[in-house]
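Peer 1: Mind assembling these two chains? They're in different frames, but the hints should get you there.
Here the protein sequences come in this chain order: A and B.
Mapped onto the working numbering, the consecutive letters of the first sequence carry residue numbers 1 to 151.
Mapped onto the working numbering, the consecutive letters of the second sequence carry residue numbers 1001 to 1244.
Hints in this document: simulated from the structure, not taken from any laboratory.
To spell it out: a stretch of chain A is covered by chain B in this simulated footprint if at least three of its residues, at any positions, have a beta carbon under 8 Å from a beta carbon of chain B; those stretches are:
1) 16-24
2) 27-33
3) 54-68
4) 126-137
Where a beta carbon is used, it is the ideal one built from N, C-alpha and C, also for glycine.
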Amino acid sequence: MSRFKDKGSKSVPAISTASLPDIIFMLLFFFMVTTVMRETDLKVKITLPEATEVTKLEDKALVDYVYIGPPTSQALGTEPLIQLNDQYAKLEELDAWVKAGNERRDEVLQQKITRSLKVDKETNMKIVTDVKQELRKSNALKINYSTGRGR
Amino acid sequence: MLKKRKKEGPGEINAGSMADIAFLLLIFFLVTTTMDTDSGIMRLLPPVVVEDVKMDVNKRDVYEVLINDADMLLVEGTMMDIKELRAGAKEFMTNPSNNIDLPEKRRMTSAECQQKIAEYRSGVASTSDPKLKDDYQKLMEKWEDRLSAVRLLGEYNELPPNAVISLQTGSKTSYDMYVKVQNELEAGIRELRDELCKEKFGRKFTELDDKVDDDKAIIKAIRLVFPQRISEAEPVDVTKNNPA
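Next up, chain B with everything else stripped away, as it sits in the complex (with noise of 0.2 Å):
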């Protein structure tokens, strides 16, 4: 008996509080665990201009949002509420009723599309400026990236290039009122963009997969329709017309 225990050496280690100790390291992962994830409104700052380039904006192209120091809402020099912007920026958007004081929109077929791209290719092909040559390619990309959204969707309008919601603010506005303006106006063009994708695809834009190559085509060409084109411009300071 005796020479036997000696062979079994020094025995099992209980392992019964293993059980335990994994129990406090799971109780204390358990409460410094944050679940949320942080979500929020994405946005892309425009980069600083060097040189001051005067564009040619026409009036009819911006939507001009503004809120003053009071959280108050001057839409294209009318007050306006809150809960109107969202039906007011998509009016802006697609111009229904082809009013001349919202953006002309421009017709879409795909045989203007084609001669367009023919236009340019021979462009690329006779010059020899680089420049110019790199031009002709944006260009006849542009167009190519628009024929093949008429062959998904069908002729379309297409705002003109400059066309913006512009959003400016007082100094004293809030913060709350500005992301609610900023999701107003995200909600809007998110509408528009839903609408039309449930018309031609029975599903909503948001539902795309843009890791899927079919969804991706789609997404490219509602995204050319309905840009998101929201101005976060330079500040301009809306007190100093009317002095308080």
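Chain A extracted, bound-state conformation (with noise of 0.2 Å):
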């Protein structure tokens, strides 16, 4: 009985920091639930292009990327190559790429798949033609313009 008089006695108790984990943890599953892990290894340099009439992209899961730029190893020299997924790819596979995308999704949103074109600036417009093109033959047609938001 005595040693509970003992510490009832003592002034200020220190603060319990038994809740601190629980703080803690609410931050790291709000962080674990926003985090986008970049799923892809840039291969090529992009510096994106700036405008201010921007749509945002908003379901993340129904878009696929197209990277345009100039290769990252010098080695492969700089004109412009493009990149899917992980790697180098040309002209010719951006139909395979396309229907493994739509293969991919669900039959009701595979119209609905954005491709976006992460471009970079200095390119030129040749190959963006090209890839452009490429899409409309595969029947992508919803694309978007990746452009910072400038000004």
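Peer 2: Spelled out as structure tokens, the structure:
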């Protein structure tokens, strides 16, 4: 009995840190949920152009990316290359890539897939136009010119 | 005393390090998180035309924007600075002075809409050909959309259905310039929509929420008045005409 009394008589008890892990966990879960891990390693250098009239891409699950820009490794020269998923691709491979992207999704959603073109701003239009034509041929009509939010 | 301790079992695990573990994870996710939302200019490509359909397009209905290999602009046959492009696009869309080189606008009145709807409705009722019926049905729906736009916005001038801003680039045009031009054209249309919406409803077009039914109707009506028609059509090599 005397022991209890001793404890009670102490002036200010230390603040309990028992809830600290809970608070941290809460933060942790927030970041875990909001995190989107970059699933592809960029093999091309891209500086996006800037624009003001931009719309947000809402459903990230329904976006496929085409990267176009000069290769990061010097050995491959400076001509812009196309990167699909994790590797360089030729123009002819776009069709297969579009089909693969379609097959991954539900049939109902296939028409809603946006192909986002992340293109380096120094790139010539030729390669962009060629990619656009390929996309048209494979009936991937919804595209998005990825830009930064400028000015 | 001894007996009592045994009853307590292995004792509680010290949870003091829990916070540290959580911190570690937290910092990992903090570092890997990219908060940037992807944004860009949305475009719909035209589907590939199987047969060569020659559309009869009046020259005044096309706003021709060419960008050459040196990133210079040629708009409707004259050189133009990119700063003027927005105003140019707006003039094309509205044709305020009824210029004969710009598209001829058609005044939409509720009387005309109603008359056309009645016309096509009787057309649907009288024909037995399913294809024709379908066509009539579609036309009727178009006029119904126009009627609801007139009800919302009052009488308005509609662009001809094949009026289009045609954008063509050279093969060495920089993507940066292309995006800039796209942006200016888009901005021109957005400003027109904003102005109209502000005048009629006191709000900007971009502030409307397409999840609200009332706003949805307004969006539809305003899109009818100022359609976004920037053509991503068949690439034409602009350099071919004047070999360097």
